[in-house]
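Going down the list, the sequences are from chains E and C. If you count by our numbering, then the first sequence holds residues 1 to 411, one letter each, in order. If you count by our numbering, then the second sequence holds residues 1 to 411, one letter each, in order.
None of these hints come from the bench; they were simulated from the model. Treat the hints with care, since some could be wrong.
Quick list of simulated restraints, FRET-style, between CB atoms [stated by the list, open to error]:
no.: 1; chain 1: E; residue 1: Asp224; chain 2: C; residue 2: Ser315; range: 27 to 37 Å
no.: 2; chain 1: E; residue 1: Lys72; chain 2: C; residue 2: Thr197; range: 27 to 37 Å
no.: 3; chain 1: E; residue 1: Lys233; chain 2: C; residue 2: Asp160; range: 43 to 53 Å
no.: 4; chain 1: E; residue 1: Lys91; chain 2: C; residue 2: Arg159; range: 38 to 48 Å
no.: 5; chain 1: C; residue 1: Phe17; chain 2: E; residue 2: Ser315; range: 39 to 49 Å
no.: 6; chain 1: E; residue 1: Ile203; chain 2: C; residue 2: Arg159; range: 36 to 46 Å
Quick look at which bits of chain C chain E covers, simulated, 3 or more residues with Cβ under 8 Å [stated by the list, open to error]:
no.: 7; segment: 157 to 167
no.: 8; segment: 231 to 241
no.: 9; segment: 277 to 285
All C-beta atoms, glycine included, are put in the ideal place defined by N, C-alpha and C.
Protein chains: 2
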Amino acid sequence: MGKTVVIKRAIASDVRFKLNDGAGSDAIHTTPIYAYAVCKLQTDQNMEGIGLAFTLGMGNNLVCQAIEHLTKHVENRDINELMANFGSTYKAMAEDPNYRWLGPHKGIVHLALASVVNACFDLWAKSRGLPLWKLLIDLPAQDIVNTLDLSYLEEVLTRDEAVAILSNNAITKHERTGILNTGYPGYDTSVGWFNYTDEKIKINVSKAIDAGFTAMKLKVGSKDIKRDIRRAKLVRETAGDKATIMLDANQQWHLSKAIEICNELKAINPYWVEEPTHPDDIAAHVTLAKEIAPIKLALGEHVPNKIIFKNFLQSGCMSFNQVDAVRVGGISEFITISLLSKKFGIPVVPHVGDMGQIHQHLVLFNHISIGHKALFLEHIPHLRQYFKYPARIIDGRYQIPQQPGMSADFV
Amino acid sequence: MGKTVVIKRAIASDVRFKLNDGAGSDAIHTTPIYAYAVCKLQTDQNMEGIGLAFTLGMGNNLVCQAIEHLTKHVENRDINELMANFGSTYKAMAEDPNYRWLGPHKGIVHLALASVVNACFDLWAKSRGLPLWKLLIDLPAQDIVNTLDLSYLEEVLTRDEAVAILSNNAITKHERTGILNTGYPGYDTSVGWFNYTDEKIKINVSKAIDAGFTAMKLKVGSKDIKRDIRRAKLVRETAGDKATIMLDANQQWHLSKAIEICNELKAINPYWVEEPTHPDDIAAHVTLAKEIAPIKLALGEHVPNKIIFKNFLQSGCMSFNQVDAVRVGGISEFITISLLSKKFGIPVVPHVGDMGQIHQHLVLFNHISIGHKALFLEHIPHLRQYFKYPARIIDGRYQIPQQPGMSADFV
């Protein structure tokens, strides 16, 4: 057990960062702002928990107000006592009567939940003096599952099955801890933002390769199909045949257009196509996945909760699970969804609304404790100057964070 | 064309009503407050548009703040010019860059959209001096479809098909306008709120029958299965074999529990079971519908948008579509979903977060212009004292509203 650390006061703050020169732009968001609805848990000790939910600026203040409503569930609690049975507190927050009408389990109230939950996990790790990944990989299976709410998943993932996945992987854990020496690959999302010129993309691809990246992403979803095709070919030609190239359409295509364009994009052999159409449209993704095989779909950036992830996994259309711990209900729901994804044999490759700060820990946990091979993790460097301990990438590989907590502290 | 009426100023207001003695209680919401995030569109004329989104109190202020963000899309517009091509404004609001991250198309931002959209329709009808139903049933098919955004529905409902549904029904419209003389049945939701005693339910059922209702609803979803069964039998015994009885579980059952209980509830021959499990869980509803046939499922109260309705309809599990115009993106998306539902042959029986004030108009439009037979409409009387023109029910039947607008004005 860790020492007694009591949450005395919760503060929400609205933190926004302007991006420059087309950075962060995609087919929907032409002038994005990156923003965090931050939950800060002050304690009776010299430490505080920092939680994040990610937004694109507008309405970030509404998420902050929702955070202030939810934190009453954790105030005056000792963090270790709280986390020993966190699943019940998670459920109480997610099911907060009357408030859940505003979701349920989606939208602003769920983003707020993410921030509060993440702050609790951060504080828990800090109270033990451990980086989050280290805390999580050393916890007994039962203790991990005690932090989860498995409601409405019973027909595909019982509590016993969740414990069994973790217990069975614990037996072979030593086979996978080598990652703590080697780190694991990042992939570069910043070569091809939507508003970048062709020339800039070409330069960025070369820079990425020089920096050790072997995988990178291009934003597509233009109204002009030819622009998408031209730029995809440009990235392939510049990066070479061996590079791993992903394409992200940011939901811009309706079904028949998605089929048409994806079939044209086969020419550049993409590793995946991401968010081709509306993120709620499971049936369209099922049709699309069949029509464009062998192209695979990466989905989940805008999927808000475990129930919809369950349905996507059951449907068979999702080849890469891009759950984001600053979109779903924080680390607790992220782990739940990772266990579900393991059950269905689908790899987890998170979207990083947190710029990878938290997810760099969760990839290690998923790799070591759940047996989700760490394929690679998205890397976006635009906010690194603002984090106290920014993720470190050397030769295209994420290094292992060593500071206590989950690396979400700001400078 | 109507006269020129320019929207000069939009105001959001947070209106909450306390309910007494267990009214409105269900398995989740034991002490509900009924609240509206109201969008008021002031004009250069002596009239204003009133829009509503419904919540259960907590966080209603957040919806109001989101309304204030969206109304910039309609300010300084002439209402008739705006509504002539409202689909494009609807889309601009639903896709507002950066803001859509907070949904997309769900949660607080989408509730806010509902309120703004509804205010526009209300003002449109008032500008013509017509009750909303009269405005809508007399509009040419093209004009109706111009108010809709059919994005992401192309594979099941093209613009041409939407126009065709309305045009074909216009030909036989005269066969269905008799409803304007007879009204149509209401069903009584207030006989069996969750916290009511068995004795009170028994009295309420008798009162409902005396008042001319032949259909009524009981709240179930208790942790104690026997309580649900006992009360369902009580309603059946009191109401008699001919009464139409619906059961509403308010999402309380996981799949296997839902199967078990619904099979026990067959004994009382329910007309439908409503929201048996998590409202996002299409796959679970598909399994459930098969397992409990011939019991039918009524779904949609918490379904936020046309995409998820499309998936529910495609899945075949939904027997009654309970779309609510104060949950989805207002009357525009309600009509879109009604057209979709017509395409799939599924009746629309709205949930009435608006206490039926707006939906009494939409049922008439659906019946006359889309050919959705008006089965009945939910009736909840608890707020009637607060509305300027409360819905009138005589002998269990909704009467036809005659005042200009959509009956959402408060006293």
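Do the hints match the structure? See the list:
1. E:Asp224 / C:Ser315: 27 to 37 Å: holds, 35 Å
2. E:Lys72 / C:Thr197: 27 to 37 Å: Hint holds: Cβ distance 31 Å, inside 27 to 37 Å.
3. E:Lys233 / C:Asp160: 43 to 53 Å: violated, 35 Å
4. E:Lys91 / C:Arg159: 38 to 48 Å: holds, 44 Å
5. C:Phe17 / E:Ser315: 39 to 49 Å: holds, 41 Å
6. E:Ile203 / C:Arg159: 36 to 46 Å: holds, 43 Å
7. 157 to 167: Per the Cβ count (0), the hint is violated.
8. 231 to 241: violated (count 0)
9. 277 to 285: Coverage by chain E holds here, the residue count being 8 at a Cβ distance below 8 Å.
Checked against the numbered hints listed earlier, the structure breaks hints 3, 7, 8; every other hint is satisfied.
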